[in-house]
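Number of protein chains: 4
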Amino acid sequence: MSKKQKKRKICFVITSGIHYSRSKLILFELKKRKNVDLQIVVAASAILSMYSDVLALMKKDGFKCNAKITMVLEGGSPVAMAKTTGIGITEFTTVFENLSPDIVVVRGDRYEVLAPVIAAAYLNITIAHIEGGDVTGNIDESVRHAITKLSHIHFTTNEESKKRVMRMGELPGFVYDVGAPELEFVAKNNYRVSNEFINYLGVGDAVDINRPYIVVMQHPVTSEHGKNKDHIEETLHAIYDLKIPSIWFWPNVDAGTDEVSKGIRSFREEKNPSHMRFIKHIPPEEFIGLLKKTACLVGNSSSGIKECSYLGIPAVNIGSRQNGRMRASNVIDVGYDMKKIKKAIKAQIKHGVYQPSHMYYKKNTCKKICDILVSVDTYTQKFFYDGN
Amino acid sequence: MSKKQKKRKICFVITSGIHYSRSKLILFELKKRKNVDLQIVVAASAILSMYSDVLALMKKDGFKCNAKITMVLEGGSPVAMAKTTGIGITEFTTVFENLSPDIVVVRGDRYEVLAPVIAAAYLNITIAHIEGGDVTGNIDESVRHAITKLSHIHFTTNEESKKRVMRMGELPGFVYDVGAPELEFVAKNNYRVSNEFINYLGVGDAVDINRPYIVVMQHPVTSEHGKNKDHIEETLHAIYDLKIPSIWFWPNVDAGTDEVSKGIRSFREEKNPSHMRFIKHIPPEEFIGLLKKTACLVGNSSSGIKECSYLGIPAVNIGSRQNGRMRASNVIDVGYDMKKIKKAIKAQIKHGVYQPSHMYYKKNTCKKICDILVSVDTYTQKFFYDGN
Amino acid sequence: MSKKQKKRKICFVITSGIHYSRSKLILFELKKRKNVDLQIVVAASAILSMYSDVLALMKKDGFKCNAKITMVLEGGSPVAMAKTTGIGITEFTTVFENLSPDIVVVRGDRYEVLAPVIAAAYLNITIAHIEGGDVTGNIDESVRHAITKLSHIHFTTNEESKKRVMRMGELPGFVYDVGAPELEFVAKNNYRVSNEFINYLGVGDAVDINRPYIVVMQHPVTSEHGKNKDHIEETLHAIYDLKIPSIWFWPNVDAGTDEVSKGIRSFREEKNPSHMRFIKHIPPEEFIGLLKKTACLVGNSSSGIKECSYLGIPAVNIGSRQNGRMRASNVIDVGYDMKKIKKAIKAQIKHGVYQPSHMYYKKNTCKKICDILVSVDTYTQKFFYDGN
Amino acid sequence: MSKKQKKRKICFVITSGIHYSRSKLILFELKKRKNVDLQIVVAASAILSMYSDVLALMKKDGFKCNAKITMVLEGGSPVAMAKTTGIGITEFTTVFENLSPDIVVVRGDRYEVLAPVIAAAYLNITIAHIEGGDVTGNIDESVRHAITKLSHIHFTTNEESKKRVMRMGELPGFVYDVGAPELEFVAKNNYRVSNEFINYLGVGDAVDINRPYIVVMQHPVTSEHGKNKDHIEETLHAIYDLKIPSIWFWPNVDAGTDEVSKGIRSFREEKNPSHMRFIKHIPPEEFIGLLKKTACLVGNSSSGIKECSYLGIPAVNIGSRQNGRMRASNVIDVGYDMKKIKKAIKAQIKHGVYQPSHMYYKKNTCKKICDILVSVDTYTQKFFYDGN
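Residue numbers (UniProt numbering), protein chains in the order written: chain A, 1 to 388; chain B, 1 to 388; chain C, 1 to 388; chain D, 1 to 388.
Calculated directly from the structure, the hints in this document are not laboratory data. Any given hint could turn out to be false.
Chain copies aren't distinguished; within one or between two, either way the pair holds.
Here are the computed lysine-lysine pairs in the BS3-like style, where the Cα-Cα straight-line distance is at most 30 angstroms [stated by the list, open to error]:
no.: 1; residue 1: Lys-9; residue 2: Lys-227
no.: 2; residue 1: Lys-271; residue 2: Lys-227
no.: 3; residue 1: Lys-68; residue 2: Lys-9
no.: 4; residue 1: Lys-7; residue 2: Lys-68
no.: 5; residue 1: Lys-68; residue 2: Lys-227
Turn these sequences into a full structure, and let the hints guide you.
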């Protein structure tokens with residue numbers, strides 16, 4: 001076999017449920033390519049049934065999981081978050097040593113993503129990073145840019161972020177502004193979610209999604225550890241008072257997750273609220289279906305900024321987690337304050353759907369990413385490019 | 001006790017022998033301050049007798065070690081290097097949780113330094129970094145800038161590096177160009193090293209340092225793993241042929257250290273060379289004493305670029321490890337080639353001492369660093385500063 | 001200071017909530033001793049609020065926690081259980097290195113207890129083990145005897161267990177049959193628990209404990225991983241059908257805990273049962289108060305075998321977890337079978353309180369343990385004693 | 001495919017160089033079996049070139065390495081030894097999860113062997129242990145019996161050890177006294193080692209093995225940490241004085257290895273001894289060839305007790321490491337005392353070859369082990385057998 005015919009081994013790392021949803025189209029595209037040997041590593045909260053159903057979804061979608069990595073320490077604390085990352089490095093090192101990929105692909109800014117990035121960098125493997133250059137709050141802000149400085153190929157989701165990545169000294173020829181893969185997924189997805197399905201999932205009261213409803217996604221803020229229970233309570237009481245049917249997602253695995261969960265659990269026991277449903281996770285297509293019909297997205301998920309910008313869905317963004325991230329007109333920002341949250345939700349519902357924005361959207365994002373991953377000249381020794 | 005009187009807890013992390021030498025003046029300065037509670041954590045190769053004598057030196061100098069961290073995996077391979085970092089994160093997390101410092105101070109670009117930095121960042125502790133913004137080869141280049149993006153306070157050693165740190169989006173008010181602490185140490189040190197002392201250390205032939213001699217410091221290059229034995233052999237044969245007395249330092253702990261050591265050991269067994277001495281480590285003062293009198297520094301240590309620039313000592317820099325680092329006129333760069341190394345050494349010895357350069361030097365570096373560490377407003381939530 | 005006056009450093013390790021309850025009297029006794037420097041390390045599920053409240057209880061009781069160890073990996077799987085132990089070893093090593101105790105005291109057979117035991121054994125520290133020599137099912141059976149073979153001083157709770165420990169080759173002079181410390185705690189405790197307190201804790205329906213009630217403690221069985229949800233459902237339906245008020249404790253952290261929790265959560269959502277209350281943890285005194293008044297203890301906790309034997313409380317022991325453990329007449333054993341569980345509970349309630357047994361009880365257990373810990377000649381090099 | 005035809009997956013764990021030599025015949029036998037899927041995991045010092053050449057030997061012998069595990073922490077200290085074991089557990093868990101063997105086979109008593117044993121036990125995998133029931137000094141004594149209590153199938157090397165394993169409560173049907181596999185290897189090996197080969201290996205003076213020579217194997221004793229340098233110096237000076245050609249093996253990786261190495265290195269630099277050669281490792285066949293012709297084996301290796309008993313080679317056993325191990329008449333025991341060591345060596349050389357002993361030898365050991373591994377009913381839930 002000549003060297004030209006050798007397949008490029010591309011290893012995609014998935015560490016959370018939403019990460020899979022947002023990367024699905026890329027994975028399908030990579031799987032189709034004849035010259036690619038696709039490897040998928042599923043790690044961290046993506047293998048915990050509490051937080052995701054990625055392994056089952058992958059099976060259904062026909063993907064093989066090359067390695068599972070158990071790495072999340074219990075505790076929901078900064079200590080657990082730090083040690084989880086340490087454990088993750090040792091585990092990813094073993095996995096990459098065995099799989100010996102040509103390129104490792106990671107995405108986003110979650111704390112645990114530093115683990116595969118450091119493992120790959122030290123093993124002299126080329127790293128491609130999706131969604132660099134954004135700015136936000138939380139520890140994510142530090143993590144994302146550290147990942148950029150350890151990575152070799154950059155797929156940004158917007159022009160501003162591309163500029164930032166280049167300013168940080170990355171080689172111009174390796175920074176590609178391709179748009180957000182998750183928005184291509186939103187654009188191509190026509191799934192309609194049913195009452196039956198939603199009320200089969202999760203716990204709480206049944207919710208009629210044929211009438212106006214709110215979706216709530218509020219995750220812990222790691223840098224506000226100790227206050228996350230108070231913060232979720234403001235949101236809980238705001239929406240309880242509004243009496244609008246609501247579908248809540250349990251918080252992700254970041255430090256403070258126990259605080260948010262405890263806030264929700266206590267509230268449920270105390271109030272036994274009649275118009276709220278609480279869901280752990282939902283398949284990607286159904287999630288978009290749910291989002292498309294919601295009257296308002298509430299919380300601090302980047303979905304309010306990204307997916308909703310494209311859909312024009314009104315979003316109420318609470319607190320500091322998305323600080324600094326580029327927004328379309330669909331977002332109203334508020335603090336952790338029940339009254340202000342109520343007021344903002346009312347205003348958004350009254351306003352209704354916004355003009356869609358293509359701020360984060362480009363056509364053929366996933367195809368472009370795959371074309372580049374397949375053909376790019378890999379390199380490992382970085383140097384700071386002063387010419388940008 | 002009023003808040004004003006509360007001592008600031010400053011935790012200094014030392015992970016290699018040379019790191020201690022280069023930071024000594026800062027430590028003495030911090031120890032003198034009444035409003036500082038100095039904590040010192042010694043980790044990685046700094047606690048391995050093979051590579052350093054830091055614990056003994058600290059004791060002699062009157063410093064207390066608050067925690068020792070055993071973290072280096074044997075193997076001298078990229079795998080060992082990656083896992084060492086992972087283990088280090090879990091260990092530093094425990095240590096920082098117990099010491100609860102206000103500021104963690106790290107320096108340089110060694111791979112394992114990412115461990116205390118990630119631990120501190122995730123624990124919401126302010127991080128100060130010395131020597132950010134430089135460019136070099138090796139994995140160091142990636143590591144240094146990733147540290148910058150996780151740190152809050154930056155002490156650069158030269159104006160170019162300051163500019164780079166700011167370009168990467170760091171807050172202007174927190175980037176200080178203070179010069180290199182190790183050069184202040186060089187400037188203030190009058191130690192003269194004796195034949196007796198040098199020939200008491202290490203193994204090999206006795207060397208008369210009252211006659212012209214070479215000092216060799218050649219470390220493995222992690223991104224050239226597998227070739228380090230060949231590379232050191234070029235240098236060994238070059239100097240063997242030159243028949244000039246030489247003092248060699250064993251390589252540091254980076255991936256490839258076994259290759260370099262093996263090269264030296266095999267060479268010694270085979271040639272039993274008559275004018276070479278091999279030393280593991282030497283106290284800081286004695287090191288500078290040795291450097292001041294050398295006819296030429298050979299290898300790839302940053303000492304050739306930094307300490308020697310200030311002293312005007314001729315340096316032959318071999319290979320890619322210091323690629324891109326700002327140089328004074330005292331440096332000749334060559335590849336891994338016996339003939340070229342011989343030629344360069346001859347030229348440097350013929351040239352003799354250069355005009356000293358203040359490229360990396362400023363007055364009162366260590367005092368300035370301490371003044372800032374004591375008085376700076378600490379913060380933990382980072383955000384990318386677009387205005388630079 | 002003469003050597004005689006030197007305090008003996010005794011380090012007590014607590015890794016679960018019930019472990020603290022059962023060791024409380026020993027801790028109080030050790031704290032009183034002038035010649036003892038008591039160190040307490042709290043680790044594993046004992047620091048997770050999901051599973052215990054040990055840190056708060058210790059504070060209330062006036063004990064200082066010398067080190068906390070975050071070590072439990074999420075997942076509730078055998079993989080998580082194994083890796084948790086590995087992580088624990090590295091963490092306990094650091095802690096013991098810093099505390100340098102003369103004796104480390106551990107108890108029981110929980111999987112994670114191997115971590116402090118291996119750390120201490122390799123660091124040449126004397127290990128005292130409470131409750132060796134029992135036989136049970138589960139991985140506990142392997143773990144307990146492995147601990148015995150790594151320990152130096154043995155406190156058994158009954159004569160049979162003492163014989164077994166000696167048969168395994170332990171030195172006769174270091175095996176002490178002192179009785180179960182938890183039974184001394186039961187004997188001395190006069191606390192009466194109130195309706196107000198019980199119904200303040202946990203979630204679910206209010207339960208009137210002035211009328212006959214059942215207490216349920218059913219933990220996962222690690223060697224039956226994958227079947228634990230089915231097994232708890234048998235118990236849930238049995239007690240649901242019986243319509244007797246019941247107080248349930250959530251399962252401990254062993255592999256399979258998610259399966260048991262999920263079984264309980266699904267059942268609650270589906271049935272919204274009217275006479276069941278679910279509690280995470282309860283202070284030691286209140287626990288005994290609750291036990292003393294229960295009509296029947298159901299599940300697979302060793303409390304049914306140990307505490308209840310002394311109190312004569314009827315117990316229905318389900319499944320294999322306590323296989324082989326010495327029982328008094330108060331225990332009826334059944335399989336995972338709803339009908340048989342119902343029948344056994346009915347029979348036990350009909351029978352009422354049994355004649356108390358002193359099978360596991362001796363007077364002054366905790367004082368004896370402390371006397372020995374304080375005066376025993378410590379040793380570290382073990383050898384197999386063939387003479388027993 | 002019917003269940004009967006399914007191959008049994010047998011995973012053999014190798015953690016040190018000598019371990020491979022001693023297990024070679026078993027591996028060849030397993031590889032021949034059609035109903036066996038042989039998996040080999042190489043870990044710890046067995047993958048460090050400093051200590052062994054196992055990977056190269058396996059390749060030459062036609063074995064595939066299914067997973068390599070980097071786990072040894074540098075430091076040569078008890079802390080490093082304990083943490084290495086912890087790291088090993090997390091690594092072996094990942095490997096066993098991926099390989100999902102039916103049986104894991106381990107051997108001996110080295111500290112790091114607890115890692116695969118705990119990983120397998122917690123993952124509900126059947127464990128077979130070779131060489132249980134022996135008694136020795138060192139931490140090995142604790143480790144070996146702890147392994148027995150976590151294992152399911154026991155292959156002892158002598159009747160005394162079988163009795164001890166059974167006394168510890170193991171099921172009689174699962175304890176097999178099959179003899180020592182390494183002695184079968186000795187019996188079948190006819191290799192003759194040459195001067196050329198020996199003097200190609202290692203460093204030091206050339207040694208003529210056609211004249212009487214000594215072989216020295218002295219490893220650190222973990223429980224005598226801090227004294228190992230003094231102890232090796234007694235041996236070094238004894239043999240230096242005797243002026244008999246000697247072949248030395250560098251110490252293994254146990255805590256204290258740095259002390260022993262330093263003792264040897266300093267001695268070499270100081271004395272430049274003319275009749276000593278120092279070897280890291282040697283292939284299995286050549287090792288036996290060397291042993292067969294030696295005038296005396298000196299040190300504390302079990303080879304003096306086991307291999308030499310069968311060969312009748314005189315052995316001088318120094319210190320506590322082999323305390324309590326059953327000996328044939330070929331062994332003289334001495335303390336760490338230069339004079340006594342000299343005297344014992346002289347006596348042994350004068351005596352010459354002893355009557356061979358079959359104390360540890362049985363015919364067809366390796367075939368028997370494989371027959372049992374292939375056909376035994378595997379089980380995982382242990383229980384203490386009181387009937388022995």
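How the hints compare with the structure:
1. Lys-9 - Lys-227: Between copies only: 24 angstroms across, 44 angstroms inside.
2. Lys-271 - Lys-227: within (21 angstroms within a copy, 34 angstroms between copies)
3. Lys-68 - Lys-9: Close inside one copy (18 angstroms) and across copies (21 angstroms); limit 30 angstroms.
4. Lys-7 - Lys-68: Both: 23 angstroms inside a chain and 25 angstroms across chains, each within 30 angstroms.
5. Lys-68 - Lys-227: between (33 angstroms within a copy, 22 angstroms between copies)
Checked against the numbered hints given earlier, this structure breaks none of them.
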